[in-house]
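Q: Residues per chain are reported as follows:
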Amino acid sequence: MSFKRKTLAASIALALAAPLSAHAADSAELAQIREQIKQMKESYEVRIQALEKRLQQAESTAGNALEKAGKAEEKAVQAAVAPQATPPAAINAFNPGISLILSGIYGNHSKDPAGYQITGFHLPGGVLADVSPQRGFSLAETELGIYANVDPYFAGGLNFSIHPDNTVSTEEAFIQTLGLSHGLTVKAGRYFSGIGYLNEQHAHTWDFVDAPLAYQAFLGGQFNNDGVQVRWLAPTDTFVELGAELGRGASFPGTGRDKNGAGASALYAHAGGDVGTNNSWRAGMSLLATSPQDRIWNDVDAFNAGVTNRFSGNSKLWVADGVWKWAPNGNPVYTNFKLQGEYLRRVEDGNLTYDVNVASLGTSTGNYNAAQSGWYLQGIYQFAPYWRAGLRTERLDHGNIDYGVNNANLLRPDHDPSRQSFMVDYNPSEFSRIRLQLAQDKSRQGVTDNQIFLQYQMSLGAHGAHKY
Amino acid sequence: MFERIAKISLGALLCVFTLPAFAGLNILACEPEWGALAQELGGDKVSVYNATNALQDPHRVEAKPSLMARARGADMLACTGAELEVGWLPILLRQTGNPKIQPGQPGYFEAAHYVRMLEIPTRLDRAEGDVHPGGNPHIQTDPRNIALVADALAKRLAEIDAANAEYYRQRHVQFAARWKMAITNWEKLAAPLKGIPIVVQHKGFPYLENWLGLKQVAALEPKPGVEPSSAYLSGLLGQLQRQPAKMVIRAAYNDARASEWLTERAKIPAVDLPFTVGGSEQAKDLFGLFDDTVQKLLGALK
Numbered sequence: 001m002s003f004k005r006k007t008l009a010a011s012i013a014l015a016l017a018a019p020l021s022a023h024a025a026d027s028a029e030l031a032q033i034r035e036q037i038k039q040m041k042e043s044y045e046v047r048i049q050a051l052e053k054r055l056q057q058a059e060s061t062a063g064n065a066l067e068k069a070g071k072a073e074e075k076a077v078q079a080a081v082a083p084q085a086t087p088p089a090a091i092n093a094f095n096p097g098i099s100l101i102l103s104g105i106y107g108n109h110s111k112d113p114a115g116y117q118i119t120g121f122h123l124p125g126g127v128l129a130d131v132s133p134q135r136g137f138s139l140a141e142t143e144l145g146i147y148a149n150v151d152p153y154f155a156g157g158l159n160f161s162i163h164p165d166n167t168v169s170t171e172e173a174f175i176q177t178l179g180l181s182h183g184l185t186v187k188a189g190r191y192f193s194g195i196g197y198l199n200e201q202h203a204h205t206w207d208f209v210d211a212p213l214a215y216q217a218f219l220g221g222q223f224n225n226d227g228v229q230v231r232w233l234a235p236t237d238t239f240v241e242l243g244a245e246l247g248r249g250a251s252f253p254g255t256g257r258d259k260n261g262a263g264a265s266a267l268y269a270h271a272g273g274d275v276g277t278n279n280s281w282r283a284g285m286s287l288l289a290t291s292p293q294d295r296i297w298n299d300v301d302a303f304n305a306g307v308t309n310r311f312s313g314n315s316k317l318w319v320a321d322g323v324w325k326w327a328p329n330g331n332p333v334y335t336n337f338k339l340q341g342e343y344l345r346r347v348e349d350g351n352l353t354y355d356v357n358v359a360s361l362g363t364s365t366g367n368y369n370a371a372q373s374g375w376y377l378q379g380i381y382q383f384a385p386y387w388r389a390g391l392r393t394e395r396l397d398h399g400n401i402d403y404g405v406n407n408a409n410l411l412r413p414d415h416d417p418s419r420q421s422f423m424v425d426y427n428p429s430e431f432s433r434i435r436l437q438l439a440q441d442k443s444r445q446g447v448t449d450n451q452i453f454l455q456y457q458m459s460l461g462a463h464g465a466h467k468y
Numbered sequence: 001m002f003e004r005i006a007k008i009s010l011g012a013l014l015c016v017f018t019l020p021a022f023a024g025l026n027i028l029a030c031e032p033e034w035g036a037l038a039q040e041l042g043g044d045k046v047s048v049y050n051a052t053n054a055l056q057d058p059h060r061v062e063a064k065p066s067l068m069a070r071a072r073g074a075d076m077l078a079c080t081g082a083e084l085e086v087g088w089l090p091i092l093l094r095q096t097g098n099p100k101i102q103p104g105q106p107g108y109f110e111a112a113h114y115v116r117m118l119e120i121p122t123r124l125d126r127a128e129g130d131v132h133p134g135g136n137p138h139i140q141t142d143p144r145n146i147a148l149v150a151d152a153l154a155k156r157l158a159e160i161d162a163a164n165a166e167y168y169r170q171r172h173v174q175f176a177a178r179w180k181m182a183i184t185n186w187e188k189l190a191a192p193l194k195g196i197p198i199v200v201q202h203k204g205f206p207y208l209e210n211w212l213g214l215k216q217v218a219a220l221e222p223k224p225g226v227e228p229s230s231a232y233l234s235g236l237l238g239q240l241q242r243q244p245a246k247m248v249i250r251a252a253y254n255d256a257r258a259s260e261w262l263t264e265r266a267k268i269p270a271v272d273l274p275f276t277v278g279g280s281e282q283a284k285d286l287f288g289l290f291d292d293t294v295q296k297l298l299g300a301l302k
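Taken in sequence, the protein lines are chains C and A. Here the first sequence stands for residues 1 to 468, numbered as in the working numbering. Here the second sequence stands for residues 1 to 302, numbered as in the working numbering.
No wet-lab data here; the hints were simulated from the structure. Be aware that one or more of the hints could be misleading.
Stated by the list, open to error - Lysine-lysine pairs mimicking DSS-like chemistry, simulated, CA-CA at most 30 Å apart:
id : chain 1 : residue 1 : chain 2 : residue 2
1  : A       : K194      : A       : K302
2  : A       : K223      : C       : K338
3  : C       : K316      : C       : K259
4  : C       : K467      : A       : K223
5  : A       : K100      : C       : K467
6  : A       : K302      : A       : K246
Keep in mind that this is a model prediction, so the values were computed, not measured.
Hey, can you work out the whole structure from these sequences and the hints?
A: Below is the structure:
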């Protein structure tokens, strides 16, 4: 019994002593634990803060409505206070706007494009290669554009065109004045001439896969020039613009030349305005004068021999253009319509040298006079948001060609090239487009080529502002 | 005979290409709200031309010939900024040769510069839709922003047209007082709207939501400027069953179809807000704009 008591007493004593001894022994350890807990707390606080930060970021990016609702009141308090400070500029803040246009195409042609020509319209080999259709998959023109203001007085821009054959050409590289006053703007460098309507528009803004036949036959697709351009905007409520250009004129219908002075000059006038809130329009007249020297092209002569001919002289191209746009209340987002047409007439005179390589009858030089014309008319209808459909009809008039002494040697085919095109495109956003185009092409005499194109066009980078 | 023909044709020409007759300050307003504000502050000393109207999607405007002609003769631009006009204004600035309206000049006025921007994206990627790097540009749906912009615009008018500085100052004082009273009144009226859950068609109303305490629980566009898929819409309906909203709101320029689809399915009213001056019969000026906005929202609550 007493043993029992003793043991009990001892065990009670032990039981009581144990925590005491533990207390005594571990007071240093406890401080350590406290320190650990404190550290854990701190690290969790940091983590929680990081999580909170991420949550806030998630709220603003995803714009999650629910989370935002919670913040609404908080925001309401901070509402009408001073604007926030702008972030300090980084070293690349002055980098120019860069935009990239990516485009690819699939073409299906019922006729072999080998030997393609626009019958009756002489195009130099390089130009002909550019406008000739391609079968199968290919990369279309990739455009790289860089644009920025130089200083308060000038802006500058560059546009590279990267071709599917891995060559690169400089479509545009220009500087221009900003706010010169009196409605004047001066541009210098290489630029798309302001003649006509379509000429100044970059290929990715065209409504069809290809340029109209008239543009291909008379301008090789599009005319750019190295030179100086002056434009004057009249101080009137109706848009009236006059433009003049002087330049090298190295691209077709001109040729490269090594001479002082100008090889090309252009004059144009455009007018435009609104009719009510639903309609807007622009119309114009242009003249492009070039003086090609030794413009060379391949032809088949009256004796069915392949010959090379050469022209030197003057080329004058007249362009009448007009565009009409309709959108209910001026809002083109849901539905709109655009009617566009141009008439081009080219008159050339000078000397033509027949068979420069002596492949047929031998070289002979004589007077050359030609007057040819062409037109296109197209309508594009956006029938639903994101969807557009368009029709284009076009025709060239082979006109009159006088080869002078070479009249017996060269052919004057009685053929007016024509083409009918239909397209439908889907535009998931402002920056992407997928297009299907069906066309019946009668550019070549006696050949009807049925064409199917499937094309994508996407634009990346800086949000470009587009011309009217 | 020839002389008469010449006279007639000259007369006709002058009729077609009339020179702007007004001698005051020519202001080209990119959006109608700034045109209305410039008119409030400038009175008969200014002549305002609005580049766009309330039924036009402000993101999708073209550099039309008429706008080129107006920009050429403008003494001042009154625009939102924050890249709202990025698709067309640069053309006007570059091609009209007008030194007065170039960025950095007093004649270049950007309203977004004077208010606190909301929804500034932390990630700039077009995969997020048509986002604006400077934040949501639709600042005009909060009348407190209008007051802030009015302060700055009045100063700017006085700077450009110093001869009439006192005139602009006085008009601004009057306007500011009237506007302050009007805001108090609208806030009183709109008190029941606080905390009301809404659906928006396009994310064009963060400033309005912020002002009135509306809770945006969903948007019909999954991303700004992006068309909703049917899967997205059915998901949206499911979400609204769990968390019902009281109404779906859209701007005057928005197509009615999407919000009416939701009205039918989710049984909530669609509200066609004026969004800017001219967006409804009642929104004839800035006061009418908010009278009508508050009234339409309250009407949908009943």
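Q: Each hint needs a verdict: does it hold in this structure or not?
A: Evaluation of the provided hints:
| no. | hint | result |
| --- | --- | --- |
| 1 | A:K194 to A:K302 | holds (14 Å) |
| 2 | A:K223 to C:K338 | holds (29 Å) |
| 3 | C:K316 to C:K259 | holds (20 Å) |
| 4 | C:K467 to A:K223 | holds (27 Å) |
| 5 | A:K100 to C:K467 | holds (22 Å) |
| 6 | A:K302 to A:K246 | holds (10 Å) |
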